[in-house]
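S.K.: Listed here are the chains, written in short residue letters.
Number of protein chains: 2
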Amino acid sequence: MSAKVELKWTNDMSFEASVNGHTIILDAEPHVGGQDRGPRPKPLILVALAGCTGMDVISILNKMRVQVDGFKVDVDATMTEEHPRYYDHFTIKYIFKGNDLPMDKLEKAVNLSQEKYCGVSEMLRKSSTISHEIIIEE
Amino acid sequence: MSAKVELKWTNDMSFEASVNGHTIILDAEPHVGGQDRGPRPKPLILVALAGCTGMDVISILNKMRVQVDGFKVDVDATMTEEHPRYYDHFTIKYIFKGNDLPMDKLEKAVNLSQEKYCGVSEMLRKSSTISHEIIIEE
Numbered sequence: 000m001s002a003k004v005e006l007k008w009t010n011d012m013s014f015e016a017s018v019n020g021h022t023i024i025l026d027a028e029p030h031v032g033g034q035d036r037g038p039r040p041k042p043l044i045l046v047a048l049a050g051c052t053g054m055d056v057i058s059i060l061n062k063m064r065v066q067v068d069g070f071k072v073d074v075d076a077t078m079t080e081e082h083p084r085y086y087d088h089f090t091i092k093y094i095f096k097g098n099d100l101p102m103d104k105l106e107k108a109v110n111l112s113q114e115k116y117c118g119v120s121e122m123l124r125k126s127s128t129i130s131h132e133i134i135i136e137e
Numbered sequence: 000m001s002a003k004v005e006l007k008w009t010n011d012m013s014f015e016a017s018v019n020g021h022t023i024i025l026d027a028e029p030h031v032g033g034q035d036r037g038p039r040p041k042p043l044i045l046v047a048l049a050g051c052t053g054m055d056v057i058s059i060l061n062k063m064r065v066q067v068d069g070f071k072v073d074v075d076a077t078m079t080e081e082h083p084r085y086y087d088h089f090t091i092k093y094i095f096k097g098n099d100l101p102m103d104k105l106e107k108a109v110n111l112s113q114e115k116y117c118g119v120s121e122m123l124r125k126s127s128t129i130s131h132e133i134i135i136e137e
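Those protein sequences? They're chains A and B, same order as listed. Just so we're aligned: 35 in numbering that gives the first Met the number 0 is position 36 of the first sequence, and the numbers increase by one with no gaps anywhere. Just so we're aligned: 15 in numbering that gives the first Met the number 0 is position 16 of the second sequence, and the numbers increase by one with no gaps anywhere.
Some clues are possibly wrong.
As the list makes no split between identical chains, a pair holds if one copy fits it or if it spans any two.
As the list claims (entries may be wrong) - Restricting the straight-line Cα-Cα distance to at most 20 Å, the calculated cross-link-like pairs of lysine-lysine (PhoX-like) are:
#1 K96 / K115
#2 K115 / K7
#3 K92 / K3
#4 K107 / K125
#5 K7 / K92
Hints were generated in silico from the structure; no laboratory data involved.
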């Protein structure tokens with residue numbers, strides 16, 4: 000199995016990425032010559048992590064017949080001091096909304112993703128540490 | 000320094016990510032319950048890599064006063080056989096368009112990015128290998 004992404008420079012610091020048939024615009028901030036037409040490239044790693052584990056969790060909860068009213072995955076990351084700077088720690092917050100949600104099943108779904116299914120988490124743990132917490136908003 | 004991304008589940012396997020004030024929609028393929036409203040999460044790692052090194056190279060070439068007519072960064076990745084599957088090798092193609100482009104300066108810009116500036120490359124080298132080639136299209 001493999002993956003392929005094409006990135007095309009458009010102008011200044013702006014690029015168009017083609018991924019799974021969809022287009023994502025990337026751009027730099029104005030103070031480094033960009034126009035902020037899209038996000039910076041590096042935090043897309045956080046999006047990949049949040050999306051990978053978020054899809055796992057929704058899919059596992061479906062199989063467990065656990066219904067949630069809302070679900071968010073917030074990811075914070077800290078960076079190395081030394082250049083080239085990269086993320087050395089990720090904190091994932093799994094935030095569920097619903098009444099009488101079974102915490103044991105939410106924990107099981109999150110742990111299955113973190114320990115067994117999420118390839119992005121597995122990959123990032125080679126260069127970084129990852130911690131997580133589960134929050135229920137009623 | 001730190002980074003923050005928020006991901007909100009919308010419906011089925013679809014999520015909206017908020018990153019640097021921009022929204023990216025993620026979705027799964029139909030055969031796993033998605034509607035392909037956006038890309039899958041995992042290949043966003045390839046977009047992060049292509050964008051990080053692509054912005055470096057354009058920025059360095061600007062400083063070197065090298066003008067190109069076109070510039071693309073294509074990234075291919077292979078995955079581990081074992082689950083959870085992640086990318087274990089990336090191949091980056093830097094494709095420049097222009098007449099009489101100075102290969103030595105293009106190489107210098109690419110090498111500076113790969114060896115000194117690109118934090119995404121530095122991070123991914125902890126879990127994977129990265130190779131690259133430079134192509135000039137006249």
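S.K.: Enumerate the violated hints, using their earlier numbering and listing them in ascending order.
M.R.: The structure conflicts with hints 1, 2 and 4, although it agrees with all the remaining ones.
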